[in-house]
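Which chain is which? The protein sequence lines are W and Z, in order.
For the first sequence, position 103 (counting from the first letter as 1) is numbered 103 according to our numbering, and the numbering increases by one without interruption.
Going from the second sequence to our numbering is simple: count from 1 and add 452.
It is worth saying that the hints were derived from the structure and are not from the lab.
Please read all numbers here as calculations on a predicted model, not as lab measurements.
A portion of the hints provided could be inaccurate.
30 Å max Cα-Cα, derived DSS-like pairs, lysine-lysine [unchecked claim]:
1. LYS301(W) with LYS42(W)
2. LYS622(Z) with LYS432(W)
3. LYS74(W) with LYS42(W)
4. LYS543(Z) with LYS432(W)
5. LYS70(W) with LYS42(W)
Facing chain W, according to a computed beta carbon distance under 8 Å, are these residues of chain Z, among others [said to hold, decoys possible]:
6. GLU556
7. ASN586
8. THR587
Cβ atoms here follow ideal geometry from the backbone N, Cα and C, with glycine treated the same way.
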Amino acid sequence: MNPTLHSILAFVQTWWVELLCAVLIVLVVPLIAGYLALVERKVMADMPARLGPMRVGPPGLLQPIADALKLLIKEDSIPDNADRFIFWLAPVLSVTAALTSMGAVAFGPWFQAARDINIGLLFVVGVSSLGPIGIVLGGWASNNHYSIIGALRSTAQLISYETTAGFALVSGLLLAGTLNVRAIVEAQRTDHAWYIFLAPVGFSTYLIASIAETNRAPFDLPAAASELVAGYMTEYSGFRWSLYFLAEYANMIVVASVGTTLFLGGWLRPFPNVHWLGWLDAAPTLLLAAVGAYCVFRAGKQPARLQSLVMWAVAFSSFVVSAIFVFASPFSHLPLAKMHDGLYGAFWFLLKVSAYIYIFMWLRFALPRFRFEQLMRLGWHILIPLALVNVVGVAIALALHSEFSWNRWLATFFTTLATLGAAMMLLRWNDKYSAAAALLADSSIAEDLHAG
Amino acid sequence: MLDSVIFYFFAGIAVISAALMVTRRNAIHSAVFLITTLLATAGIFLQLRAEFLFIAQIILYVGGIMVLFIFVIMLVRLDVPLPQIRSGLQKWIALFVALTVGVEAGVVIFLARKAPGQGLLIPNPAPADKLPPNTEELANSLFRSYLLPFEIASVLLLVAMVGAVVMAKKRTEAP
Numbered sequence: 001m002n003p004t005l006h007s008i009l010a011f012v013q014t015w016w017v018e019l020l021c022a023v024l025i026v027l028v029v030p031l032i033a034g035y036l037a038l039v040e041r042k043v044m045a046d047m048p049a050r051l052g053p054m055r056v057g058p059p060g061l062l063q064p065i066a067d068a069l070k071l072l073i074k075e076d077s078i079p080d081n082a083d084r085f086i087f088w089l090a091p092v093l094s095v096t097a098a099l100t101s102m103g104a105v106a107f108g109p110w111f112q113a114a115r116d117i118n119i120g121l122l123f124v125v126g127v128s129s130l131g132p133i134g135i136v137l138g139g140w141a142s143n144n145h146y147s148i149i150g151a152l153r154s155t156a157q158l159i160s161y162e163t164t165a166g167f168a169l170v171s172g173l174l175l176a177g178t179l180n181v182r183a184i185v186e187a188q189r190t191d192h193a194w195y196i197f198l199a200p201v202g203f204s205t206y207l208i209a210s211i212a213e214t215n216r217a218p219f220d221l222p223a224a225a226s227e228l229v230a231g232y233m234t235e236y237s238g239f240r241w242s243l244y245f246l247a248e249y250a251n252m253i254v255v256a257s258v259g260t261t262l263f264l265g266g267w268l269r270p271f272p273n274v275h276w277l278g279w280l281d282a283a284p285t286l287l288l289a290a291v292g293a294y295c296v297f298r299a300g301k302q303p304a305r306l307q308s309l310v311m312w313a314v315a316f317s318s319f320v321v322s323a324i325f326v327f328a329s330p331f332s333h334l335p336l337a338k339m340h341d342g343l344y345g346a347f348w349f350l351l352k353v354s355a356y357i358y359i360f361m362w363l364r365f366a367l368p369r370f371r372f373e374q375l376m377r378l379g380w381h382i383l384i385p386l387a388l389v390n391v392v393g394v395a396i397a398l399a400l401h402s403e404f405s406w407n408r409w410l411a412t413f414f415t416t417l418a419t420l421g422a423a424m425m426l427l428r429w430n431d432k433y434s435a436a437a438a439l440l441a442d443s444s445i446a447e448d449l450h451a452g
Numbered sequence: 453m454l455d456s457v458i459f460y461f462f463a464g465i466a467v468i469s470a471a472l473m474v475t476r477r478n479a480i481h482s483a484v485f486l487i488t489t490l491l492a493t494a495g496i497f498l499q500l501r502a503e504f505l506f507i508a509q510i511i512l513y514v515g516g517i518m519v520l521f522i523f524v525i526m527l528v529r530l531d532v533p534l535p536q537i538r539s540g541l542q543k544w545i546a547l548f549v550a551l552t553v554g555v556e557a558g559v560v561i562f563l564a565r566k567a568p569g570q571g572l573l574i575p576n577p578a579p580a581d582k583l584p585p586n587t588e589e590l591a592n593s594l595f596r597s598y599l600l601p602f603e604i605a606s607v608l609l610l611v612a613m614v615g616a617v618v619m620a621k622k623r624t625e626a627p
């Protein structure tokens, strides 16, 4: 056999799991992004008790596919005075950064493209922070005032909030003692706690900073529709626009995965060490069986014959899959058992990621947008000092635990209380400062008026 | 075999985009090619199994390009033709710097050719699968062996930061 072909085959044989994961990420994430948009529209509709998209597919389930088709056949226009090379490059850069950073995320015990990479979490955070370069370049290349303002806002926002996110991650990494994604999750198993309970302030600051980093409401100033048309993507249409869209949703998945891995226990089930909660291990199977039962129940009531056939098919396949899991779990030597662990892990991981993303959507429709100087004040005056204090607090708690053999929970409780006290003081100082600043601004305006 | 292919791939990209970076007339295009150069250098770090350096390169340098973009957009006037803003002395300074760096590189290569392993410090290659974890090694050498230089450097950076804040502060007269 040809030696080159042989070495390629050997390479594929060694790395087929990783290659499969990489291909799956690139293929499936665009689909997931489309369906996230559908979920977002449904949540948005649900807040004021509307129905949302209902026309395409049974309850609007085929809407993302229709949207994708529409975007692909739309006219792809480039402004005359745009910088064509950079205009082409910018959305590609955003998408590449978002999808590449997903390679080191462990979606389950074995579903990870860059397996056991030593710098795991740093890789995810570092590579995904390249995405805003695409935003800035796109805004600049469009040669449009709204675009450039959106791009500059995005830069300022990223620089301000990346620091907070970094410090919040440090507080979790101090507890885990490693950067390796798998080792972080395993550390939470051996520590008998998700790190959200040991570092609650770290998790809250990370949540806020991650919303700001993905440019989502209430921090969606780079694309604020009421001020900047569409911000940095004003001039983009068709497929290029959909690349930016894909990058935004992929980034949401990335930050949610980082938060889940570090603070919410990754692919572990809730309370992984409590034995009487062991029945939770069966939750994915039970859920599948419940879906099947629901489909059987509803199948007879469908108006069209095709719909009830589809319902029967869904019910049958979910029953088959759940039966496979029930009967495969005792035989741990089968290759199916490994897959079984992986799928269970992926179930819990994706459940937590979905909850995290649901919080994003909930906040988007519940809160009004910040003004830019409010955004900056929140970032620099409150969140960054708070995250710094929190890192010191977690370090003190760890020292108390290891040097003076305090109970871990007691130590973190006291340091969290101290951190919250510091947060209260920060808020009071900030109120005083902003009151003084407002007074100063008023008096200077008055002087200007007087002089004028 | 695979290692050298990867090395020449990244090295080629780094050199070509560095040349493009210098020759572009548009400052934003230069910045884009600077990104490519830095990413290719990060790829070489990865090929050398220095994962932490790889990601530090990406976070610190490529991430720092964001600020460079801001400088270009806000400070450089792209509509002014280049010859007007180029001073006459610049050419000679650039020539001097290029000559110095070229002579340095030449001497290094010459010494390495002349006495392999003596003119330069060439450490023994470690087997790729038995390398100690990169991050931990770096942390140990930074915080155990070289703690004092590390702290001095961080104090220096802090001084620079405070100085920048003081310089940028709005001067208001005492009421």
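Cross-check of the supplied hints:
1. LYS301(W) with LYS42(W): Holds, because 24 Å separates the two Cα atoms, which is no more than 30 Å.
2. LYS622(Z) with LYS432(W): holds, 19 Å
3. LYS74(W) with LYS42(W): Holds. LYS74(W) to LYS42(W) sits at ~25 Å (cutoff 30 Å).
4. LYS543(Z) with LYS432(W): Judged against 30 Å, a Cα distance of about 54 Å means the pair is violated.
5. LYS70(W) with LYS42(W): This hinted pair holds, its Cα atoms lying about 20 Å apart.
6. GLU556: violated, 31 Å
7. ASN586: This interface hint holds because 6 Å falls under the 8 Å limit.
8. THR587: holds, 6 Å
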